[in-house]
Each structure stands twice: as C-alpha cells, then as structure tokens.
Amino acid sequence: MSAGKDHAALAQVFNNDENRVDWHDETLWFVRAKRDRASHGIPDWELLRETASQIKHNVLSNMHNYLVQFEENALTNGIKIHWAADAAEHNAIVLSILKEKGIDRMVKSKSMLTEECHLNDFLQDNGVEVIDSDLGERIVQLAKEPPSHIVLPCIHKKKEEIGDIFHEHLGTAAGESDPQILTETARQHLREIFITRRAALTGVNFAIAETGEFVVCTNEGNADMGAHLADVHIASMGFEKLIPQRKHLSVFLRLLTRSATGQPITTYSSHFKKPRPGQQMHIIIVDNGRSIQLGREDFRNSLKCIRCGACMNTCPVYRRSGGHSYHTAVAGPIGSILAPNLDMEKYADLPFASTLCGSCSNVCPVKIDIHDQLYKWRQVIVKNGYSTKTKTAMMKGMTLALSSPAIFNLSGKAGRLALRYIPFAVNNGLNPWFKQRDMPTPPEDSFTDWYKKNRKGEKP
Amino acid sequence: MSRESILNAIKQNQPELSPLPTEVDFCFEDINPVEKFKQVLEFIGGKLHAVSNYAEAKEYLDSVMPPAGQWITAVPEFQDHAAFVEPGDPHLLENVDVAIIKGHFGVAENGAVWVTEELMGARALPFITQHLVILLNKNNVVPLMQQAYQLIADKEYGYAAFIAGPSKTADIEQSLVIGAHGPRSLTVILTD
Ligand code: SF4
Numbered sequence: 001m002s003a004g005k006d007h008a009a010l011a012q013v014f015n016n017d018e019n020r021v022d023w024h025d026e027t028l029w030f031v032r033a034k035r036d037r038a039s040h041g042i043p044d045w046e047l048l049r050e051t052a053s054q055i056k057h058n059v060l061s062n063m064h065n066y067l068v069q070f071e072e073n074a075l076t077n078g079i080k081i082h083w084a085a086d087a088a089e090h091n092a093i094v095l096s097i098l099k100e101k102g103i104d105r106m107v108k109s110k111s112m113l114t115e116e117c118h119l120n121d122f123l124q125d126n127g128v129e130v131i132d133s134d135l136g137e138r139i140v141q142l143a144k145e146p147p148s149h150i151v152l153p154c155i156h157k158k159k160e161e162i163g164d165i166f167h168e169h170l171g172t173a174a175g176e177s178d179p180q181i182l183t184e185t186a187r188q189h190l191r192e193i194f195i196t197r198r199a200a201l202t203g204v205n206f207a208i209a210e211t212g213e214f215v216v217c218t219n220e221g222n223a224d225m226g227a228h229l230a231d232v233h234i235a236s237m238g239f240e241k242l243i244p245q246r247k248h249l250s251v252f253l254r255l256l257t258r259s260a261t262g263q264p265i266t267t268y269s270s271h272f273k274k275p276r277p278g279q280q281m282h283i284i285i286v287d288n289g290r291s292i293q294l295g296r297e298d299f300r301n302s303l304k305c306i307r308c309g310a311c312m313n314t315c316p317v318y319r320r321s322g323g324h325s326y327h328t329a330v331a332g333p334i335g336s337i338l339a340p341n342l343d344m345e346k347y348a349d350l351p352f353a354s355t356l357c358g359s360c361s362n363v364c365p366v367k368i369d370i371h372d373q374l375y376k377w378r379q380v381i382v383k384n385g386y387s388t389k390t391k392t393a394m395m396k397g398m399t400l401a402l403s404s405p406a407i408f409n410l411s412g413k414a415g416r417l418a419l420r421y422i423p424f425a426v427n428n429g430l431n432p433w434f435k436q437r438d439m440p441t442p443p444e445d446s447f448t449d450w451y452k453k454n455r456k457g458e459k460p
Numbered sequence: 001m002s003r004e005s006i007l008n009a010i011k012q013n014q015p016e017l018s019p020l021p022t023e024v025d026f027c028f029e030d031i032n033p034v035e036k037f038k039q040v041l042e043f044i045g046g047k048l049h050a051v052s053n054y055a056e057a058k059e060y061l062d063s064v065m066p067p068a069g070q071w072i073t074a075v076p077e078f079q080d081h082a083a084f085v086e087p088g089d090p091h092l093l094e095n096v097d098v099a100i101i102k103g104h105f106g107v108a109e110n111g112a113v114w115v116t117e118e119l120m121g122a123r124a125l126p127f128i129t130q131h132l133v134i135l136l137n138k139n140n141v142v143p144l145m146q147q148a149y150q151l152i153a154d155k156e157y158g159y160a161a162f163i164a165g166p167s168k169t170a171d172i173e174q175s176l177v178i179g180a181h182g183p184r185s186l187t188v189i190l191t192d
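Which chain is which? The protein sequence lines are A and B, in order.
If you're matching positions, the first sequence starts at 1 in full-length UniProt numbering and goes up one per residue.
If you're matching positions, the second sequence starts at 1 in full-length UniProt numbering and goes up one per residue.
If you're looking for bench data, these hints aren't it; they were derived computationally from the structure.
Ideal Cβ positions, reconstructed from N, Cα and C, are used throughout, including at glycine.
Just so you know, not all the hints are guaranteed correct.
Quick list of simulated restraints, FRET-style, between CB atoms [said to hold, decoys possible]:
{"no.": "1", "chain 1": "A", "residue 1": "22", "chain 2": "B", "residue 2": "84", "range": "39 to 45 Å"}
{"no.": "2", "chain 1": "A", "residue 1": "121", "chain 2": "B", "residue 2": "118", "range": "38 to 44 Å"}
{"no.": "3", "chain 1": "A", "residue 1": "99", "chain 2": "B", "residue 2": "31", "range": "50 to 56 Å"}
Given these sequences and hints, build the entire structure.
The structure is reproduced here in structure tokens:
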C-alpha cells in the first residue's frame, strides 16, 4: 500500500490532519490508562510478568521438543497438522484444504498472521471469497485497508467514516454514525455469513504442548460462531504461540487483556482440543522468519510477544503517526523489531520510529526489552548500510561526539551557537526531529559551563 | 514438506535450555469469591441473580426473558421449561432466543464461567443464542485463574470455554456495544 515510502514520510501524511492526530493520540492514551488501572488492581502484577517472561524463555529454549510434543498430541486429538516455511506455503495450504472440500467462500476471525501472509489477497486471486468477521477487521476490509493496530484494527477511523462505509456497503442510512446502530447492522450482516460458510479460519492465541489444544480469545465470539458452524476449521499459528502446559494459561490469560484493553479477561477464551463429530480441524504451524529471529540472540525475545498491543498504545510515536505509517502487518514498537528480521532493507526505517523512551518495555506483559532491541536494530541496520544517508551521517556524528569529551563540549557549543544565530541550519528537512516542532531556544550556557559557574568546588 | 527443515532450523537456533518457573499458583489476593464475582460480572455487562432452587430460577426467567421465543436447554431439570438440545446440525440452532446451560465454576477476579462442551449440549449453542443463561452453584466460585486451572488441570474435553459476559465490541471509536455476534445478554443464576 505504501511502496517505497518510509515511516517518516507516511507519518507526515497522517500528521497533515492535526485534529485527527490529537484524537488518535487521546483515544490510545485512554486505552493505556485503562491498562494501568487494571494492572494496578492486582497485587501480583510484577510477579505475573516475570513468570510469563520466564515461561516464554523456557519455550524458546525448548521450542523443538515442545513443537514435536504439541504435534503428537494434536494428532491424537484428531487434528490435522501442517507446516509452512513461509507465507506462500501457508497460503497454499489454506487453498488446498478449501479446494479439497470444494469450498470457495470462507469466514475468518481476526488473525494477524494471515495479515502477515497477505492471505486475503491470495485467496481472492484464486477465486475464494474471504469475509473478516471481527467488527474492526470487517470495517477495514470494506474500506480496502489493512488493520492499523493488532488489537484495535480500525482505531484510526472515526465513527462518521465508518457510517459512510456502512452506508455504501451495508445499506445503513446516509449520515448514520451511532455505534449501536452500526454494530447491529454488522451483526445481522455477519450472522448471515456465519450461517452460510462451510469453512472458518481463526488465529491462535496460545497452543499447549502438553495437551495439543489451542486457545482463541475474542470479545465478540466471532471465532466461535465461525468455527462451530463450519465443516472445516483452519487455525493458523506462528510456532512461538506455544506454551508448555495448560496451567500456564492462568498466567497468560490474566495478563493478556489487562494489558490490551484493561479488561479482566476476554468475553470468550475458547479451548479447542478436538474437532466436533463430522468436523475437520487443521492447524498450520508457520515459520516465516521466526526460526531466524530465534537464532538472533539480541532479538529472540521479541518472539515472546503475546500480541496485546500495549506497547503501541503507550508509544508516543505510534499514537501520533498512526499504524499505517509502519507499512507492516504488526505496527508500533514490537512490529518495528519483528519486521527488519523479515526484510532488513525494506523495514530499515522502523527501528528509528521510536523515541527510545522505554515506555513500551515498561508495559510489556512478557517483559520484552523492546526499546533496547530497537536501539540494537539501529546499529545493525547502520552497520549493514541500510539506513538512509542523513541518518547514517547523524549517527556517525553522534558516535564521534559522544566518544570524546572535548568534541562533545565543542559540538555542544557549536550547536548552541547555531541554534541562536542560524536556526535554519537545524530547522530544515535534514533534521527529522524538526518536523512538527520548532527547535528550542538554546540556553546561554552549556550544562558544563553552568555547573562550573554555580557549583564551584563540587565535583561535576 | 517443510516440517523437517523448520524443526531443524529451530533446533539449531534455540538458546541453551532455561528452566520453567516452578511456581505459577501464587495468590496474594484476599478475595470474597461470590462478592467479587458478582461485582466483576456486572462490570463486564453480565447479570447475576441468586435463587435457592431451580423452581425459583424458572420463575425468575419467565419474568425477564422474551416469552414467545425459542427456548433451548442442555440442563435435564429444565426440560419442562425449554426444549432439550438435540445433537446434530448446529444450523438448526439458528433461531434460538434463550439458551439455558450449566457452568462448572466461576472465577471471581474476572467474572468468567468455565463451561465444557457436555454442558453446552452443542458447541454453537452458547454463541448463537440471543440470550444466554448459565446456572452456577454458589459454592463453585474460585478467586483467581490459578485456582481455576487447578480444577481444570488434566480434565478431558473436546471443546471448552471461559465465558465472561455477553458478546461485545468496542471497535467503533471505543464505544462499548453489547451484542456483537453472540448473545445480547448473559445472566448467571447462582443457586444454593
Ligand atoms: S511486545 Fe509486549 S507489549 Fe507489545 S504487543 Fe507484544 S506482548 Fe504486548
């Protein structure tokens, strides 16, 4: 959708509408505040995070065995297992399952993995109609857009815009923007879809090695409506969704929605262990770059992610640049770590779309060192020559300045002088920080000078 | 067939084995389970009504549920009140208005009720119905998810779910709307 554009350019498009930026910022901050209230409401929050992180660490270190165990148990449960090395293989497997049953219409519940694989486009090109059933996903699908957030897919859309989309596609009255009425319209429309589709695809939130079952969490019940009414249920999972034992769900289900939306749990936490009589159940286990990430010591922790979206809701850059500016399925801080693993050149801009303030790492329920990884990616990207020319020059300059006190002091002085007398030298397009803000009026003295003057005799 | 190559890549790339945390059943909260359960259930959009026996429950349902609609139950004691669910094509449940099922236990901290498929009668029933009623014994409410999974531990089921409130969405500008695809209401009836 945004070929050749980088985050800064795409964010600028979003930033053209200042009111929308403010509104987007406030809406996500509201969700973040709900997360704070929910997490502060339980005394063992920090212990839960630490435990979750350790469980996930064990999973990463024993992934091979857990996968084999999961497969064996799922097969015993009567589930068919497929393995996909990449997006293309995943999509081909879905198509072949549908073809075998002569099905050309499928209902889907929210799955970011299928977004990552661009499944919808592939199936449509192959004559299969796919309808997304999560309300937010359905809205962006009708608008022919990808989701802009992993938990809140159409958080970037105002209700009036959704009203226009529904007017065009679902026949609501022109100008109708009441969420209650729009939701009721979608309910009727999608009910008809659920009743008539013979195949349903869902994502997987957690897969349990010990039992071979998988858990899907939704508020709307769309995964269940789809799966229980279809003859064929396909579940797509990245292999990192595994957890060792059923009892570990207690830790993850307590963390997931509190981090995501501040809810104590999703309305439905559905445990699929066996197909119902007469039904076919398939699981597609997808790699698509994950095994490479597993081998990158600095970045493997990103595979602990449970896709709660908290890091996006709290990120000052995400809130003000919109999910689409990340031009990848998973936006925001975690997406900016995952994407360069898949294609370092294409996503070289993303690790730079962060202030490195650390807010993401602070809220992450599985304690991923998100901002550290962003910082590390920047270094890898510069070293590999993928960063833009200006960024490389700036990074080199910074490294030089920070490596010697003399140069640091000198460049500080030069910077203050430049800001005072030739502000256009920094207030220009070469300095991305200048966008959306004026550079500050520089102080008379540097901190060192000030310190020397005011704290004589104390050691600086 | 990518199985071998994926598994090999994983085996080569995974870090040195790190142990599982031994303790996941910690509990620092002093919760009055029934009180908290009621409070959270109402917070997430559900209703709670306490009765002393099934006769009272039936009376209550008659007074609050749509009278004319199709009532279906998976609870044998309610067969005089609603049609007993038949196994078979889930599409036959398309027009159910009120479904009455039992839950195994409730979880105080999040208002969820654990239901396995035997108690649902049909997997689709608790989702396709317009209104869902779950009967729960008031002695079967645990404080936290840790205790919940101690009860579930090695139980056998084909399908099961925690159900916490009616179907809902907030996808349109974060406005909460009850009744997305599934039930428009959830009533938990607490029995003695
Ligand atoms: S990285 Fe952490 S905070 Fe971000 S989505 Fe994943 S689990 Fe949530």
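(request) Check each numbered hint from earlier against the structure, then list the numbers of those it violates in ascending order. (result) Structure breaks hint 1 only.
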